[in-house]
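Since the structure of chain A is provided, determine the placement of chains B and C on it from the hints.
Protein chains in written order, with our numbering: chain A, 816 to 894; chain B, 135 to 596; chain C, 5 to 312.
For the record, the hints were derived by calculation from the structure and aren't laboratory data. Even for Gly, the Cβ is constructed at its ideal location relative to N, Cα and C. Don't take each hint at face value.
Here are the simulated DSS-like cross-link-like pairs (lysine-lysine), alpha carbons at most 30 Å apart as the crow flies [what the hints assert, rightly or not]:
hint	chain 1	residue 1	chain 2	residue 2
1	A	869	B	271
2	B	480	A	879
3	C	89	B	388
4	C	134	C	122
5	B	552	B	388
6	A	891	B	431
7	B	431	A	894
8	A	894	B	480
9	B	482	A	879
10	A	879	B	431
11	C	118	B	163
12	C	134	B	309
13	B	560	C	122
14	B	162	A	879
15	B	536	C	177
16	A	891	B	162
17	C	49	C	13
18	B	388	C	12
19	A	891	B	388
20	A	879	B	536
21	A	879	B	242
22	B	163	B	309
23	B	398	A	869
24	B	271	A	879
25	B	163	A	879
26	B	162	B	482
27	C	134	B	560
Far from chain C by the CB rule (all over 12 Å, computed), these chain B residues [unchecked claim]:
hint	residue
28	148
29	168
30	446
31	485
32	582
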Amino acid sequence: MSDILDELQPIFQDIFEDDELSITAESNADTVEGWDSLAHINLIFSIEQEFEIKFALGELEAMKNVGDMVELMQIKLLK
Amino acid sequence: MFQQSSFNSFEFIFLFLPCFLIGFNLLKKSSNSHYSHYWLIICSLFFYSWGNLSNLPILLSSLVFNYIIAQFMGPFDTQSSLRPRNLSRKFFLILGIVLNVLFLSYYKYFSYLPLGISFFTIMQIMYLVDCYEGMLKPNTLREHALVVSFFPTVTMGPILRVNNVLTQFRETVNKGISPEQLTAGIALFSIGLFKKVVIADSFSVIVDIGYASVSTLSMIMAWVISLSYTMQLYFDFSGYSDMAIAIAMALGIKIPINFNSPYKSKSLVEFWQRWHISLTYFITTYIYTPIVRSFKKITFSKVMLATLIAMTIMGVWHGSTINFIIFGFLHGVGLILNHYWQKKIKIKLPNFLAWVLTIIYINFAFVFFRADSFIDAIQVLTSMFNLNLLTYSGMDQLVANKLTVPPMIIGILLIFSKRNSNQIIKEFNPTLLNLIGFIILTIISMIYLNSNFTQEYIYNDF
Amino acid sequence: MTSSISSKKWLVLVSVILVCLTASMVTANYFIDCYGLFRDVEGRKLIPQDNFRLAKYLYSYNYIPVNYNGILIGTSASMNLDSSKIVNSNVYNLSVDGGNISEQKLITDIALSKGQFKLVVFTNHPYMIKDFGPKTPYMTPREYYGALGNIQLLKEYFHWAAARLNFYHNAYKVDENGVFDYEYLSRMSEFQTNPGPFSQEPPYKSDERALDEYKQLVHAARSHGAKLVVLIPPIYSEAYIPHKDYYDNYFKLISELFLPHERIINFNLPLYSKYTDDVSNFQDHIHLSRKGAEIFSLELASQVESLH
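This is chain A alone, in the form it adopts within the complex (with noise of 0.2 Å):
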């Protein structure tokens, strides 16, 4: 778990152009400034183009919380 939060980071520091940020499971679009549609577009695509992993459309919502998103990013990873 923590070894894929801990890659995550970079990627929101980026998407959230601010490199103080800091995310935790528990961080979610209400608690992240500046998480809206768009930013959550260019994450999903920066998380699947960096792991190269592919989320359905139906699991989108999901990964708005930082928590959901990591255990949903290691059930693909296994696979």
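Just chains B and C, lined up with the frame of chain A:
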């Protein structure tokens, strides 16, 4: 009169609902736990057909068609016995989506719109995509009929997510209706009913008067009627959504909320997170995201283009005339400007100013939603700025309909209230105090329901 | 009050209280019966307090069939004709302002089906068939149940109380015979000092479907067994003469729906010119002043009586 399948009639509230609930609860305790589901399906189809039996075949054919497509598609990781080897799952997905869209378009552009068709078509398109991506297994016919025909949501949403709702139905199949859920449901239902038949219908009086005489609007009247429509639409639609959520709540099914105090939004982006949330989910996830994904490289302008296309489609979904295309397009443009401001200009506006700009923009776009024609819409919009305070102000219409004013004032105050209906119900706890409150709301709603609430006939010609 | 009670208790209390409150409201309204719908209405004198359009519609269910054996149908032009002056019949003035034939038919059909009428007076003016379809939503059977408790009913009570307690009066009211005795003084004096010009042709085109409805209504009244009378209301001469052909064509069109023995009372004939020339009889070119209404009501009464 129970003329069209809707919640705001005496027959629905005091005959249909109690019969349904009693039957549903009794059947839960029977030997076959699915009897209650069959009862729900029968009642839903009955509700849907009431007032217009010819709508029923349309719902049924859409339902059966999508059920079959999903069966042919088969589950994600196994080969369906129905699907021929040379036809991929993707083939059935595309076929399903295309035919659903053609089906909806046919009725939209060449015929009348059967009740709820825009909603249940969208819901099933989402279902097919989710099936394809392996988010759920294809439904049995019983389950598919259950969720598609589900009477609280079949006519006007909220647009359900099939997997989520079916899971709840499965989990609660043996559970009877609990008194706690029933009280919360009744409480929310009475709020929704009040919003619709008292507040929304009061706003509609001045709106109908104004939009019937667009060429003679003064500046004040133009603002009054456009803002009144903005209010009417919210109370009408959110009231209806409240009632839908309430009925489902009484059954132990949680439906995602559709409105979250949208007129408190301080930006257009925020507005779409608070307005018709189930539709925004569909547009964002199933239209906007795939469009963006289709671009090789994501740039800001490409994403803005996707936004524009997605919002225009959203507009088209609402209606078949050019006004709706413009409505969608305006919101697309507004969102682009919003994102541009937030990402490139980055000046943070004071909250109050941001809120005012947002409301004004929303108000403009809704003129296209309500006006009977493009010309009418332009006339209303230009009247809003004609600065000619001397033309017929139309305020005598408000005076003649003074009974509508108190509910309108209540409506305006409610927009700014701390908690909206869903927030209230979340914390709901039965007490004597709120019992009295809900009885008052219900009595007033019933009086309004029994009234022909249209404008007082102002005798202009003789 | 703010402490929790059990959900079951809440549910039971809500149901019981709602049922009791509703039952008592409905029962009270049933007994008050301000539209004379539900109980014995013979001999009662009902006066609309607020919405007389709705009132006249509801009166046609019971009040009018029981207490009257004649009706006068028309627009605002005939609203202030005193039908009670007709002595050998009890005639209710069912004229409705702005009422076209569609609305008149809705009301009259009900009255005819519920009572025995020996006289039906049809006013004849282009306004009645210039458009088709009800103009207001009040004339539906649903309003019958509305009289057990709705906003219109509450308004009716409110206006009744306000008049009784003397803090608000409607300037003019319809009386128990449906006669609306009104006079809008400022409009009237403006008209009387400066009556013209009447050069513009009246903008009334007849709607085919409305004409059809008129035919159906005439036929219905005739088969009901009532004596039919056509009333052509007086138009101020200066407004009538420039467009005489237009009006006369219209009156002829409608008169053709009636049989030769059915009397046509045309108040625009030369024999009435001493009245129609006199501007003091009019509030505007078609609406009579109190003075004019008095004169023409008596004329109408004597014409109708001479039928026997």
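Tested hints:
The straight-line distance between the Cα atoms of residue 869(A) and residue 271(B) is roughly 19 Å, inside the 30 Å bound, and the hint therefore holds. Between residue 480(B) and residue 879(A) the CA atoms are separated by roughly 23 Å; this keeps the pair inside 30 Å, and the hint holds. Only pairs whose Cα atoms come within 30 Å are accepted, and residue 89(C) paired with residue 388(B) is rejected, the gap being roughly 69 Å. Distance hint between residue 134(C) and residue 122(C) is fulfilled; the C-alpha atoms sit about 28 Å from each other, no more than 30 Å.
Distance restraint check for residue 552(B) and residue 388(B): the Cα-Cα separation of roughly 23 Å lies within the 30 Å cut-off, and the hinted pair is therefore satisfied. For the hint linking residue 891(A) to residue 431(B), the alpha-carbon distance of about 24 Å falls within 30 Å, and the restraint holds. Simply put, residue 431(B) and residue 894(A) have alpha-carbon atoms about 27 Å apart, close enough for the 30 Å limit, and the pair holds. The straight-line distance between the Cα atoms of residue 894(A) and residue 480(B) is roughly 42 Å, outside the 30 Å bound, and the hint therefore fails.
Straight-line distance between C-alpha atoms of residue 482(B) and residue 879(A) comes to about 24 Å, which keeps the hinted pair within the 30 Å bound. Straight-line distance between C-alpha atoms of residue 879(A) and residue 431(B) comes to about 22 Å, which keeps the hinted pair within the 30 Å bound. Note on residue 118(C) and residue 163(B): the hinted pairing is violated, with a Cα-Cα distance of about 52 Å set against a maximum of 30 Å. As the CA atoms of residue 134(C) and residue 309(B) are separated by approximately 62 Å, the hinted pair breaks the 30 Å bound.
With a C-alpha separation of about 66 Å, the suggested pair residue 560(B) and residue 122(C) falls outside the 30 Å cut-off, and the hint is violated. For the proposed pair residue 162(B) and residue 879(A), the alpha carbon gap of about 37 Å is over 30 Å, so the pair is violated. Restraint check for residue 536(B) and residue 177(C): the C-alpha separation of about 20 Å stays at or below 30 Å, so the hint holds. Taken as a hint, the residue 891(A) and residue 162(B) pair is broken in the structure, with Cα atoms around 39 Å apart against an allowance of 30 Å.
For a cut-off of 30 Å, the pair hint linking residue 49(C) to residue 13(C) is broken: about 47 Å separates their Cα positions. For a cut-off of 30 Å, the pair hint linking residue 388(B) to residue 12(C) stands: about 21 Å separates their Cα positions. Taking the CA atoms of residue 891(A) and residue 388(B), the gap is about 29 Å. The hint holds against a cut of 30 Å. Between residue 879(A) and residue 536(B) the CA atoms are separated by roughly 47 Å; this puts the pair beyond 30 Å, and the hint is violated.
With a C-alpha separation of about 35 Å, the suggested pairing of residue 879(A) with residue 242(B) is violated against the 30 Å cut-off. Annotation: proposed proximity of residue 163(B) to residue 309(B) holds, straight-line Cα distance about 8 Å (limit 30 Å). For the given pair, residue 398(B) sits about 36 Å from residue 869(A) by alpha-carbon distance, which is inconsistent with the 30 Å threshold. A hinted pair counts as satisfied when its Cα atoms are at most 30 Å apart, and residue 271(B) with residue 879(A) qualifies at roughly 24 Å.
Of the pairs offered as hints, the one joining residue 163(B) and residue 879(A) is violated, with about 40 Å between alpha carbons and a cut-off of 30 Å exceeded. Under the criterion of a C-alpha separation no larger than 30 Å, the hint pairing residue 162(B) with residue 482(B) is inconsistent with the structure, at around 55 Å. A distance of roughly 56 Å separates the Cα atoms of residue 134(C) and residue 560(B); the hinted pair therefore is violated under the 30 Å criterion. The claim that residue 148(B) is not at the interface with chain C is violated, since a C-beta of that chain comes within 12 Å of its own (minimum 10 Å).
In this structure residue 168(B) is separated from chain C by more than 12 Å, as the shortest Cβ-Cβ distance comes to about 27 Å. Against chain C, the non-interface label of residue 446(B) holds: every CB pair exceeds 12 Å, the least being about 37 Å. The beta carbon of residue 485(B) sits about 33 Å from the closest Cβ of chain C, which is more than 12 Å, so the claim that it is off the interface holds. Look at residue 582(B): its CB is around 7 Å from the nearest CB on chain C, not clear of 12 Å, so calling it non-interface is violated.
This entry does not satisfy hints 3, 8, 11, 12, 13, 14, 16, 17, 20, 21, 23, 25, 26, 27, 28, 32, going by the numbered hints stated previously.
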